[in-house]
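Chemist: Below, each chain spelled out in residue letters.
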Amino acid sequence: AQSVTQLDSQVPVFEEAPVELRCNYSSSVSVYLFWYVQYPNQGLQLLLKYLSGSTLVKGINGFEAEFNKSQTSFHLRKPSVHISDTAEYFCAVRNNQGGKLIFGQGTELSVKP
Amino acid sequence: KAGVTQTPRYLIKTRGQQVTLSCSPISGHRSVSWYQQTPGQGLQFLFEYFSETQRNKGNFPGRFSGRQFSNSRSEMNVSTLELGDSALYLCASSSNGDTEAFFGQGTRLTVV
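Residue numbers (my numbering), protein chains in the order written: chain A, 15 to 127; chain B, -19 to 92.
If you are wondering where the hints come from, they were derived from the structure by calculation, not from laboratory data. For each residue, glycine too, the CB sits at the ideal point set by N, CA and C. Some hints here could point you the wrong way.
Partner residues aside, some chain A positions facing chain B, computed with beta carbon under 8 Å [said to hold, decoys possible]:
#, residue
1, 33
2, 36
3, 63
4, 68
5, 104
6, 120
Rough simulated footprint, nothing fancy, chain B against chain A, three-plus residues with beta-carbon under 8 Å [what the hints assert, rightly or not]:
#, segment
7, 44 to 51
8, 54 to 60
Computed list of lysine-lysine pairs in DSSO-like fashion (alpha-carbon distance at most 30 Å, straight line) [to be verified]:
#, chain 1, residue 1, chain 2, residue 2
9, B, 37, A, 63
10, B, 37, B, -7
11, A, 72, A, 126
12, A, 83, B, 37
13, A, 83, A, 63
14, A, 126, A, 63
Bound conformation, chain A alone (with noise of 0.2 Å):
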């Protein structure tokens, strides 16, 4: 069974502020990993994605992960925010096999000017 731990509920952070929301998950097998962002009333956007190969993954609207097998962590960053990148990031994992989506509680970025 995998499952996966978003550290942070909300983060606050200034407008061209660098920013980290963490992301840790559990699980027995291989898994795939991925993050998500849901604009209000929005279903979800795939940001980015580890499948394999590079650990440092980039992604849309200049954001990064970095994959890290000894930590089981994939951590989210992006250099200098902006104020359009306030909404909610979900961390997910996905075993290598299939199967379903198993998604952290969410971390709420809130960016201010």
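Based on the hints, put chain B in the right spot on chain A.
Modeler: Just chain B now, with coordinates in the frame of chain A:
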């Protein structure tokens, strides 16, 4: 390429009624999954269909059911609605269910 389309976007139903939600996946995708999103429970997996067969099922009561048609479109049905079924229902499609999933805008169901 069109994305995942869910209809309707909003629904208001009365306790005890039933409801059917629809999802059209991305063209060529054969896997469709459904998730329920609530403030208290977060995102929870309902079921996955692949080539018209239910391949995985979450921990929801039998009132929640689904099906998939030969064109990969999927429907989910909830019978005997309860207040606690109020949620955002999200559909996700993927090519074969083992890599990334693409989500629709969701259907916001309110049970009164």
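Chemist: Next step is simple, just say for each hint if it's right about the structure.
Modeler: Taking the hints in turn, this is what the structure says about them:
no., hint, verdict
1, 33, "violated, 21 Å"
2, 36, "violated, 17 Å"
3, 63, "holds, 5 Å"
4, 68, "violated, 16 Å"
5, 104, "holds, 7 Å"
6, 120, "holds, 7 Å"
7, 44 to 51, "holds (count 3)"
8, 54 to 60, "holds (count 6)"
9, 37/B x 63/A, "holds, 24 Å"
10, 37/B x -7/B, "holds, 25 Å"
11, 72/A x 126/A, "holds, 24 Å"
12, 83/A x 37/B, "holds, 28 Å"
13, 83/A x 63/A, "holds, 15 Å"
14, 126/A x 63/A, "holds, 27 Å"
In this structure, the earlier hints numbered 1, 2 and 4 are contradicted, and the remaining ones agree with it.
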